[in-house]
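J.: Sequence:
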Amino acid sequence: MTVNGFERGEDGGGPSECDGQYHSHKLPLAALSTSWYANGQRCHKKIRITSVRNGRSVEATVVDECDSHHGCKNNIVDTSKAVWEALGLDTNIGEVPVTWSDV
Numbered sequence: 001m002t003v004n005g006f007e008r009g010e011d012g013g014g015p016s017e018c019d020g021q022y023h024s025h026k027l028p029l030a031a032l033s034t035s036w037y038a039n040g041q042r043c044h045k046k047i048r049i050t051s052v053r054n055g056r057s058v059e060a061t062v063v064d065e066c067d068s069h070h071g072c073k074n075n076i077v078d079t080s081k082a083v084w085e086a087l088g089l090d091t092n093i094g095e096v097p098v099t100w101s102d103v
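At position 45 of the sequence shown the residue is numbered 45 (UniProt numbering), and the sequence of numbers has no breaks.
Simulated from the structure, these hints should not be mistaken for laboratory data.
Virtual Cβ for every residue (Gly too), placed ideally from N, Cα, C.
Watch out, some of these pointers could steer you wrong.
Said to hold, decoys possible - The following label-pair restraints were derived from C-beta to C-beta distances: (1) R56 x P15: 17 to 23 Å; (2) S24 x G88: 18 to 24 Å; (3) N54 x G14: 19 to 25 Å; (4) D67 x H44: 14 to 20 Å; (5) D90 x Q41: 28 to 34 Å; (6) Q21 x G55: 31 to 37 Å; (7) N92 x N39: 18 to 24 Å; (8) G20 x P97: 19 to 25 Å; (9) N74 x S24: 16 to 22 Å; (10) V103 x V52: 25 to 31 Å.
What the hints assert, rightly or not - Subject to a maximum C-alpha distance of 25 Å in a straight line, what follows is the list of computed DSS-like cross-link-like pairs (lysine-lysine): (11) K46 x K73; (12) K45 x K73; (13) K45 x K26; (14) K26 x K46.
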């Protein structure tokens, strides 16, 4: 899992693929790598993200694609700061191991 900015002007780039909107980093949000994004089939659906390090889980809403054809790894869950905080993780780490599942 990596941290992403979903607000205008943050490191996430343009608006979200699912709805063409920007979203608050205070909301638990996720962008999935291309194959998991599944051409938008997971848009606005909840996923459960679990930290491998501490076992804590949080539900997040999929709002974007992390494009694996343009720099994103094939197995990335890119999330808002709210997800990291809910999992008790430091966003400065950069990348942490997680598991995820559809809710």
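J.: Take the hints in turn and mark each one as holding or not.
T.: Each hint tested on the structure:
no. : hint                   : verdict
1   : R56 x P15: 17 to 23 Å  : violated (29 Å)
2   : S24 x G88: 18 to 24 Å  : holds (20 Å)
3   : N54 x G14: 19 to 25 Å  : violated (33 Å)
4   : D67 x H44: 14 to 20 Å  : holds (18 Å)
5   : D90 x Q41: 28 to 34 Å  : holds (32 Å)
6   : Q21 x G55: 31 to 37 Å  : holds (33 Å)
7   : N92 x N39: 18 to 24 Å  : violated (33 Å)
8   : G20 x P97: 19 to 25 Å  : violated (31 Å)
9   : N74 x S24: 16 to 22 Å  : violated (28 Å)
10  : V103 x V52: 25 to 31 Å : violated (19 Å)
11  : K46 x K73              : holds (21 Å)
12  : K45 x K73              : holds (21 Å)
13  : K45 x K26              : holds (18 Å)
14  : K26 x K46              : holds (16 Å)
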